[in-house]
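One line per chain: the protein sequences are U and C, in this order.
Be aware that the first sequence starts at 1468, since it is given in my numbering, and climbs by one per residue.
Be aware that the second sequence starts at 1468, since it is given in my numbering, and climbs by one per residue.
One thing to keep in mind: the hints can contain errors.
Copies of the same chain look alike in the list, so a pair counts if it works inside one copy or between any two.
Simulated pairs of lysine to any residue, SDA-like, Cα-Cα distance not exceeding 25 Å [stated by the list, open to error]:
{"#": "1", "residue 1": "K1719", "residue 2": "A1769"}
{"#": "2", "residue 1": "K1737", "residue 2": "A1717"}
{"#": "3", "residue 1": "K1737", "residue 2": "Q1583"}
{"#": "4", "residue 1": "K1469", "residue 2": "S1568"}
{"#": "5", "residue 1": "K1469", "residue 2": "S1600"}
{"#": "6", "residue 1": "K1500", "residue 2": "P1484"}
Calculated directly from the structure, the hints in this document are not laboratory data.
There are 2 protein chains.
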Amino acid sequence: MKKFAIAIHGGAGTILPSLMTPEKELLYRNALKAATEAGLAILKKGSSSLDAVEAAVMYLEDFPLFNAGKGAVFTNAGTHEMDASIMEGLNLEAGAVSGVSHIKNPIQLARLIKEQSGHVYLSGLPAEQFAQSCGMVLEPSSYFYTEERYKQWQQVKDSDTYQLDHSDKIEQGEKKFGTVGAVALDQHGNLAAATSTGGMTNKRFGRVGDTPIIGAGTYANNATCAISCTGHGEFFMRAVVAYDISCLMAYKGLTLQEACRLVVNDKLVKMGGEGGLVAIDSHGNIALPFNSEGMYRAWASATELVQTAIYKD
Amino acid sequence: MKKFAIAIHGGAGTILPSLMTPEKELLYRNALKAATEAGLAILKKGSSSLDAVEAAVMYLEDFPLFNAGKGAVFTNAGTHEMDASIMEGLNLEAGAVSGVSHIKNPIQLARLIKEQSGHVYLSGLPAEQFAQSCGMVLEPSSYFYTEERYKQWQQVKDSDTYQLDHSDKIEQGEKKFGTVGAVALDQHGNLAAATSTGGMTNKRFGRVGDTPIIGAGTYANNATCAISCTGHGEFFMRAVVAYDISCLMAYKGLTLQEACRLVVNDKLVKMGGEGGLVAIDSHGNIALPFNSEGMYRAWASATELVQTAIYKD
Chain U
1468 MKKFAIAIHG
1478 GAGTILPSLM
1488 TPEKELLYRN
1498 ALKAATEAGL
1508 AILKKGSSSL
1518 DAVEAAVMYL
1528 EDFPLFNAGK
1538 GAVFTNAGTH
1548 EMDASIMEGL
1558 NLEAGAVSGV
1568 SHIKNPIQLA
1578 RLIKEQSGHV
1588 YLSGLPAEQF
1598 AQSCGMVLEP
1608 SSYFYTEERY
1618 KQWQQVKDSD
1628 TYQLDHSDKI
1638 EQGEKKFGTV
1648 GAVALDQHGN
1658 LAAATSTGGM
1668 TNKRFGRVGD
1678 TPIIGAGTYA
1688 NNATCAISCT
1698 GHGEFFMRAV
1708 VAYDISCLMA
1718 YKGLTLQEAC
1728 RLVVNDKLVK
1738 MGGEGGLVAI
1748 DSHGNIALPF
1758 NSEGMYRAWA
1768 SATELVQTAI
1778 YKD
Chain C
1468 MKKFAIAIHG
1478 GAGTILPSLM
1488 TPEKELLYRN
1498 ALKAATEAGL
1508 AILKKGSSSL
1518 DAVEAAVMYL
1528 EDFPLFNAGK
1538 GAVFTNAGTH
1548 EMDASIMEGL
1558 NLEAGAVSGV
1568 SHIKNPIQLA
1578 RLIKEQSGHV
1588 YLSGLPAEQF
1598 AQSCGMVLEP
1608 SSYFYTEERY
1618 KQWQQVKDSD
1628 TYQLDHSDKI
1638 EQGEKKFGTV
1648 GAVALDQHGN
1658 LAAATSTGGM
1668 TNKRFGRVGD
1678 TPIIGAGTYA
1688 NNATCAISCT
1698 GHGEFFMRAV
1708 VAYDISCLMA
1718 YKGLTLQEAC
1728 RLVVNDKLVK
1738 MGGEGGLVAI
1748 DSHGNIALPF
1758 NSEGMYRAWA
1768 SATELVQTAI
1778 YKD
């Protein structure tokens, strides 16, 4: 059987056993497992890594505990502003979207942009008009409402504070970078990466993070690797994290593991950039580095059943 | 005297002597010269490369023949949507903005975002609100009106065609990627890069190009180089052009010239990505590669008076 593999994440940050209930941990692990299985089933039947990462991310977007799609956090204005991007390692084709408020699955729109817009990156309300012109149905704002996110927002909405998903003030030291993502290798040797986020609670001024930025939050190239990031986006943009890993492999001959360790556990740490990423290379090697307390993650391959993890090993 | 140098561009594309009048060429050359001198004067007195690239780009934004600031092209909706970004090689700090319609000098707003927002990238109307909260005055849409741009838009506005500044249909084969940008090295050894654009004539759906993307249209790192791109942005984003040049220098030991040639005249050409860039390294070496017919460009240094060029050598 030919090689195939997938790895996903549901965000990184101050995720500690002491802040988790067994019931909530089970909910997270089950969701990570189901999302990975959704992608794995596609890879198993010989379909594309692009389909697999889209399916895995859609599952995570639909699951309300992760900060993407349903469950996206509230902005300062009480709205939801979501970003996503997707990239295909075979041809370096990419699609990205930022600041959409009525798209059930932003990753689907990112793929639609890649395939039907003639562009790479569309933004804001006009991106929703593009979605409609392609037959995509817009969701009312109420679809994205969850009580937990609303409460988080109420706690900080009259302040100038923005929060990276859960923040210090809310849950005893928890700071979580809410993003979801997936990378995969299919049986044809093609890599793909996808990332989706609801941004920061109480964020203002149309802030865009690394999620829709090709090269920062998402990158895929059959010659090197596929990467999906989660973390303090400002640092990931300034460090061009995803493409940096690809370049360290292509130009310096580092392995995926070596490149990931250098970027996540050395360069980003020195800058003060907290977070992590999931990565896969063209041989199916997987790396899941993070420099925070934890990262919701899962992986599987042609020869390995789904594994889930949350904390440091 | 310590080294310092600056290079600027005013866009690349099908710019041919046969499509130019002597009067118009003089206008362009004078504007390129004046913009370079604005930056050079700052470098000469020992101020920062960041101030120099901002001043040069502001001059180009204020000059109506270039597609940025005053002179920005019209969108499909008859509006102006401008993008810009700036980066400081000393500390990898960066600021970016996209989709603003009432900012006289988007490069100033990009710098303000870098220095006062706590973020890297703000987008759309909320970015204008941030500008106002910092005391920046918004301009009425009429400020950005120019007759030439209006006529260009009228010719295509009822079509689905978008145009990269001037396009085939309008001026006998001219296709111009309207962007302005600057890179500089100051006497303290610090590099900086800045890029600003009015986007594509008749563009729809909130399209974002490479200009506001750190790593694609703009990058600066004292360890390698500073880069400002102009071209068909979709390709520049997928190729992560600016950071690719930096990585080829850092990880593969290429010179600035070698890295620029590989990316602009080989990799981008193979992808079908037309355009160019201006680049400078920490020794003050300058590269001005492009794979189109021409690129509006100018450069100067501590030892060389301002030079301007438009066509291939």
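Hint by hint, here is what the structure shows:
no.	hint	in the structure
1	K1719 x A1769	neither (29 Å within a copy, 35 Å between copies)
2	K1737 x A1717	both (23 Å within a copy, 18 Å between copies)
3	K1737 x Q1583	between (40 Å within a copy, 22 Å between copies)
4	K1469 x S1568	neither (40 Å within a copy, 52 Å between copies)
5	K1469 x S1600	neither (39 Å within a copy, 57 Å between copies)
6	K1500 x P1484	within (19 Å within a copy, 62 Å between copies)
Of the numbered hints listed earlier, those contradicted by the structure are 1, 4 and 5.
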